[in-house]
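Asker: Chain by chain, the residues:
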Amino acid sequence: MDKITETLLKLVSDYTEDGYKGAAFNIRENGGCAGRQSTENIKIEPKEGGKGIDIYVAPGTKDEKVFIPACISRSGVEDLVYNDFHIGEGADVTIVAGCGVHTDGEEESLHSGIHRFMLGKNSKVLYEEKHIGTGEGTGERKIDPVTECTLEEGSILEMNTLQLGGVDHSIRKTRGTLDKEAKLIIHESIMTDGDQYAMTDFEVSMDGEDSAVDLISRSVAKDDSYQEYHSKINGNARCAGHSECDAILVGNGKVNAAPELFAGDLDAALIHEAAIGKVAGEQILKLRTLGLTEEEAEQRIINGFLGA
Amino acid sequence: MLKLENVKWTAEDGNEILKGIDFEAMEGTLTVITGPNGSGKTTLAKVISGVEKLACGSIKLGETELAGLDITQRAKRGVAYAFQQPVRFKGITVRDLIELADGGKVEEMDVCRVMNKVGLCTQDYIDREVNDSLSGGEIKRIEIATVLARKDAKLLVFDEPEAGIDLWSFNGLVEAFEELKSEKDKVLLVISHQERLLEIADQIVVIDGGTVRVAGPGKEVLPQLMHGEVVGDCPVGKERA
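Those sequence lines, one after another, are chains W and Y.
The opening position of the first sequence corresponds to residue -7 in this note's numbering, with each subsequent residue numbered one higher.
The opening position of the second sequence corresponds to residue 57 in this note's numbering, with each subsequent residue numbered one higher.
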């Protein structure tokens, strides 16, 4: 494992000098495996041809973490990986899945991670994902994650995703289906600058009674960057869907937000909230009365907004 | 000492809101600024804190002339201002605001100290975002807490601190003002119509039509306020008559 990968791992996951301290992990570096470890309850098995891994979490597993970071440490790498998570009934685990792309040359590098979550009955997963791009190279740094999740009865998937600059091009596609009483909670924070592009494409179907979706997207588009947000929440049963898309524009940043709600049941309660605009002047004023300069106040507001 | 001389402010439409305000306020005293709605009280608070730029005049805090300083510079010289309409933030917590006000990381005890004064339980609020989920009364109390947390404050300006606050919390607030007074090194300015605050005021300044109608010791001015106040005639009614 090279030094750049090590640095990226520290940035996108809780990697330390001692590695992941007894937890299950799989480190993917430039399309290959740079380390793997299973535990008694969490088994990680490679797919044929090195195209990804299957992660099996035993039923009833509690309070365990699994790390599956992926890094590209040079230009000219195109990596496509399939990671399938099989979460046993009643399990309660945290999955940390950061991605870092570093380019030092002219050629672009791309990481596409296709994550499939199969959550068993009453299981619970907290999924944390950070994206970062580094390096002085002119080659584009691209990250295109695809997430497909199937939530069985009573299961809960909470996804926190964070992408704060450095990634030139990103298309994040999320699909999900929810069974009875299942719950999907997504918090995504994206910051783009320069002439970066980021797109969120989200579609989820609540098919089971009393299922729920809560999607909170916060984005900051700086300089000449552009972000798109498309979400579709389908309520096919008695269910509760809520999406909130807030964007802050800085400089010439542009944002296109297109939320969609489909109610296919009389008792589907669906709400969408969206707000796009620059940092509110009164927020800056308040922080300035506490002693911050205008620039410091704007940065503090943005950091808070993104949860950075 | 805070000394205002000929403080004027004109709105964008040319309407002169403050027409030359003069008064002084001493350290260790509470000055209550009162007067009819629309008389320019909030504008005065904003002009003192730097949120609005004054058109002309002088605002001196001790030896420092504040008139040419911006909001940040005034804050750094000890001006603290509690907004009448508190600002809401997505993603910024009560702890964040208290830390920004205090100027660094704060211990739980320090947070408790200010939160108790505004009648809020630290545990329940410390990690809450200062967003729409807070009621009007809650966010008002948090706004006041951000000013009470300013250890370096020499001038504290509160714009209608009682608005939206329940009776029990209000008693705590009165105690907090008394405590600030006893520290002897701070000038306290409170915009209020609340009788209890008027009663404990060392000085009352009545603003009306952008000028000081009367200013003097609380005990002398308060009885005048209670007499001779009439409801202004409505011009619409007059036209019809």
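Bear in mind the hints are in silico, worked out from the structure with no lab data behind them.
Cβ coordinates follow ideal geometry from the N, Cα and C atoms, glycine included.
Incorrect hints may appear among the rest.
[Unchecked claim] Cβ-to-Cβ under 8 angstroms is the rule here; a few derived chain Y residues that face chain W:
| hint | residue |
| --- | --- |
| 1 | F139 |
| 2 | K146 |
| 3 | I148 |
| 4 | D152 |
| 5 | G160 |
| 6 | G272 |
Asker: If you check each hint against the structure, which ones fail?
Answerer: 5, 6
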